[in-house]
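If you're matching positions, the sequence shown starts at 154 in this note's numbering and goes up one per residue.
Calculated from the structure, these hints are not laboratory results. Possibly wrong hints are sitting among the right ones.
[Stated by the list, open to error] Ranges between beta-carbon positions, derived for each pair:
| id | residue 1 | residue 2 | range |
| --- | --- | --- | --- |
| 1 | Ile471 | Glu604 | 43 to 51 Å |
| 2 | Gly493 | Thr264 | 55 to 63 Å |
| 3 | Glu604 | Asp178 | 49 to 57 Å |
Fair warning: this is a prediction, and the values are worked out from it, not measured in the lab. Note that the Cβ used here is the ideal one computed from N, Cα and C, for glycine as well.
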Amino acid sequence: MSVKNHVPVDREYLVNNVLLCESADLPVEVEKFLKLVRREKVKYPVILVGTGSCGMISGAGETLVEINKYLSDREIKADVVETGCTGYCSSEPVVEVQLPGKTRVSFKNVTAGKIPFVLDGMFNSMVPEELVLGQYKSSSLELWKDVPFIGELPFFVMQYRNLMKNWGRISPHSIEEYIATGGYRSYVKTIRNYTHEEVCDIVEKSGLQGRGGGGFLTGKKWKIAHGVIADQRYLLCNANESDPGGYANRAMIESDPHRLLEGLVIAAYAVGTSKAYIYIRNDYKTAIHRLEKAVEQARDYGLLGHNVYGSGFNIDIILSKGPGAFVCGEETAMISSIEGKRGMPGPKPPYPAVSGLFGKPTVVNNVETLSNIPAIFENGPDWFISLGNETAPGTKMLVLSGKVNDQGIIEVPLGTKVRDIVFLAGGGVPGNKSFKAVHVGGPSGGFLTSENIDVPYDFDSLASEDVYMGSGGMVVLDEDCCIIDTVKYFMDFIQKESCGKCIPCREGTSRMLEVYENITKRPVDENGHTTLERFKGVMQLESLAGVIKDTSLCGLGQKAPNPVISSLKYFRSDYEEHIFDRECSAGVCKELRLFYIDVDKCTGCTVCASKCPVSAIIGTKRHPFFIVEEKCTGCGVCYDVCKFNAISVK
Numbered sequence: 154m155s156v157k158n159h160v161p162v163d164r165e166y167l168v169n170n171v172l173l174c175e176s177a178d179l180p181v182e183v184e185k186f187l188k189l190v191r192r193e194k195v196k197y198p199v200i201l202v203g204t205g206s207c208g209m210i211s212g213a214g215e216t217l218v219e220i221n222k223y224l225s226d227r228e229i230k231a232d233v234v235e236t237g238c239t240g241y242c243s244s245e246p247v248v249e250v251q252l253p254g255k256t257r258v259s260f261k262n263v264t265a266g267k268i269p270f271v272l273d274g275m276f277n278s279m280v281p282e283e284l285v286l287g288q289y290k291s292s293s294l295e296l297w298k299d300v301p302f303i304g305e306l307p308f309f310v311m312q313y314r315n316l317m318k319n320w321g322r323i324s325p326h327s328i329e330e331y332i333a334t335g336g337y338r339s340y341v342k343t344i345r346n347y348t349h350e351e352v353c354d355i356v357e358k359s360g361l362q363g364r365g366g367g368g369f370l371t372g373k374k375w376k377i378a379h380g381v382i383a384d385q386r387y388l389l390c391n392a393n394e395s396d397p398g399g400y401a402n403r404a405m406i407e408s409d410p411h412r413l414l415e416g417l418v419i420a421a422y423a424v425g426t427s428k429a430y431i432y433i434r435n436d437y438k439t440a441i442h443r444l445e446k447a448v449e450q451a452r453d454y455g456l457l458g459h460n461v462y463g464s465g466f467n468i469d470i471i472l473s474k475g476p477g478a479f480v481c482g483e484e485t486a487m488i489s490s491i492e493g494k495r496g497m498p499g500p501k502p503p504y505p506a507v508s509g510l511f512g513k514p515t516v517v518n519n520v521e522t523l524s525n526i527p528a529i530f531e532n533g534p535d536w537f538i539s540l541g542n543e544t545a546p547g548t549k550m551l552v553l554s555g556k557v558n559d560q561g562i563i564e565v566p567l568g569t570k571v572r573d574i575v576f577l578a579g580g581g582v583p584g585n586k587s588f589k590a591v592h593v594g595g596p597s598g599g600f601l602t603s604e605n606i607d608v609p610y611d612f613d614s615l616a617s618e619d620v621y622m623g624s625g626g627m628v629v630l631d632e633d634c635c636i637i638d639t640v641k642y643f644m645d646f647i648q649k650e651s652c653g654k655c656i657p658c659r660e661g662t663s664r665m666l667e668v669y670e671n672i673t674k675r676p677v678d679e680n681g682h683t684t685l686e687r688f689k690g691v692m693q694l695e696s697l698a699g700v701i702k703d704t705s706l707c708g709l710g711q712k713a714p715n716p717v718i719s720s721l722k723y724f725r726s727d728y729e730e731h732i733f734d735r736e737c738s739a740g741v742c743k744e745l746r747l748f749y750i751d752v753d754k755c756t757g758c759t760v761c762a763s764k765c766p767v768s769a770i771i772g773t774k775r776h777p778f779f780i781v782e783e784k785c786t787g788c789g790v791c792y793d794v795c796k797f798n799a800i801s802v803k
């Protein structure tokens with residue numbers, strides 16, 4: 154899309170008076186102008202719509218069309234701005250309205266049909282209370298009466314928004330708005346004033362750990378690559394985020410792409426490379442479009458290219474679109490994919506920092522890691538250290554989903570208790586259901602229960618519970634969730650995504666999946682032999698997990714058994730229920746469900762029999778029907794279509 158700035162912005166003015174200004178404080182007249190660019194004051198009404206992936210899935214595209222139609226029909230002059238995600242995904246589509254002289258107000262679940270209701274109210278100085286989320290604090294604008302502040306909502310109150318400070322507040326299509334918030338000043342200052350070694354020292358001092366899950370010190374990795382004598386080095390940004398339930402990195406690109414680019418070019422300067430790659434899944438269409446636009450704008454502003462602002466630094470950014478394979482998130486597999494080969498992991502050592510892309514020293518950092526860099530140089534390493542705890546400085550973005558009231562992306566200081574994340578930011582489990590567990594870390598993660606949910610959310614504390622952070626996914630499970638089915642899902646995912654190169658991962662995960670399939674389906678016969686076989690299969694899981702962890706080639710294979718080990722540790726009774734009782738108390742494992750028809754309630758309407766996909770229901774019209782248990786697959790179609798509540802689960 155073409156972006157039209159709401160105020161005229163001259164590129165040379167921003168470059169000369171903002172980017173090249175060495176002083177920490179900008180001149181008063183410049184700061185006054187930037188306030189207009191940031192929309193701290195507006196001349197016309199401004200309507201902002203979150204059009205990240207979560208918003209578009211919820212109907213933000215139709216909402217945007219309806220807003221433009223509303224304004225056109227009434228001949229109202231207003232700015233309509235597409236922003237990224239606000240993080241509050243369960244409230245999408247999110248629409249914000251700012252009137253001249255008044256603070257900005259945020260509204261939730263604004264589908265297309267609700268636009269007249271919202272805008273009629275706002276243009277008549279009445280805030281529709283049913284849909285309002287809150288207003289933003291301001292010392293210079295008039296506050297709306299009796300409208301809560303958005304930062305005081307439970308979902309936001311415990312967050313510290315460093316990485317997400319621009320989300321939903323600026324247009325991801327506008328480099329001018331990013332510069333107006335302080336963007337790219339750290340980059341220009343760095344390449345003009347610091348040596349490569351000094352940049353590495355600052356990042357190492359900050360204690361920034363890799364946010365891809367490993368937690369390795371970023372500055373140390375940079376130093377290793379910079380210290381290798383080579384005619385070329387490379388920097389790779391891993392944006393291949395493929396964990397089920399993890400999408401924070403994609404949302405970062407969709408909401409604030411220039412922040413990633415600024416961190417990327419600072420890192421490239423530190424490593425001493427002129428070529429940086431961003432490896433991203435090809436199906437992330439919105440993220441790719443916004444990233445391509447951001448690179449184009451950065452190049453137009455002279456932030457990329459040859460001898461950037463007379464610093465002697467040359468840099469080019471290349472977007473490499475991957476097929477979306479889970480294994481390509483592993484750094485050596487990603488390198489193979491960029492080189493045009495099949496994405497398969499390679500042995501380590503040598504590590505990529507010594508010999509990586511095309512055999513050259515290569516630093517691999519993920520989106521969140523690089524997005525932390527600009528703020529470290531803007532505020533200093535001591536500021537960053539102050540945000541986390543003793544062992545893990547800074548903040549962490551995570552995706553909170555599953556059986557929780559408030560789902561979305563949140564950013565909290567490392568060291569925050571997992572309990573507080575689930576029950577304060579997430580609002581706890583809905584429907585008065587009891588909390589069962591929270592699964593942390595995606596396919597390579599594990600479970601936390603009520604026994605250990607008070608563990609701090611940081612690398613070392615989670616590892617002490619045999620749980621790994623991964624890309625930041627956090628799925629809450631309640632009493633209606635089946636742990637066995639959840640683990641089976643992860644094993645099915647891992648088995649399908651295994652590259653197949655090494656036998657332990659390829660065959661081991663396949664065998665694990667087979668065990669779970671056996672204990673979640675009804676046995677062919679009812680003799681003790683089949684029960685023993687199912688029991689023996691589960692007993693072999695732990696020893697099999699040990700072999701996979703010890704002998705798999707890459708980190709993905711080594712961590713593949715984690716959900717299995719974690720579930721065996723905390724949920725033995727669930728396994729016993731499935732093996733010996735052949736029941737799933739949660740009612741999730743369909744093949745273990747047995748349905749029966751209450752003859753006193755059945756009217757013989759034949760609807761259930763006609764809908765049964767395996768013809769397991771027999772009977773005569775206008776007389777009670779019966780279910781043949783041997784044929785029933787437990788699909789539940791009959792239960793869903795019965796209008797007389799005559800069908801129940803045994």
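Status of the hints after comparison with the structure:
no.	hint	in the structure
1	Ile471 x Glu604: 43 to 51 Å	48 Å, holds
2	Gly493 x Thr264: 55 to 63 Å	44 Å, violated
3	Glu604 x Asp178: 49 to 57 Å	52 Å, holds
Taken one by one, the earlier hints fail for this structure only at number 2.
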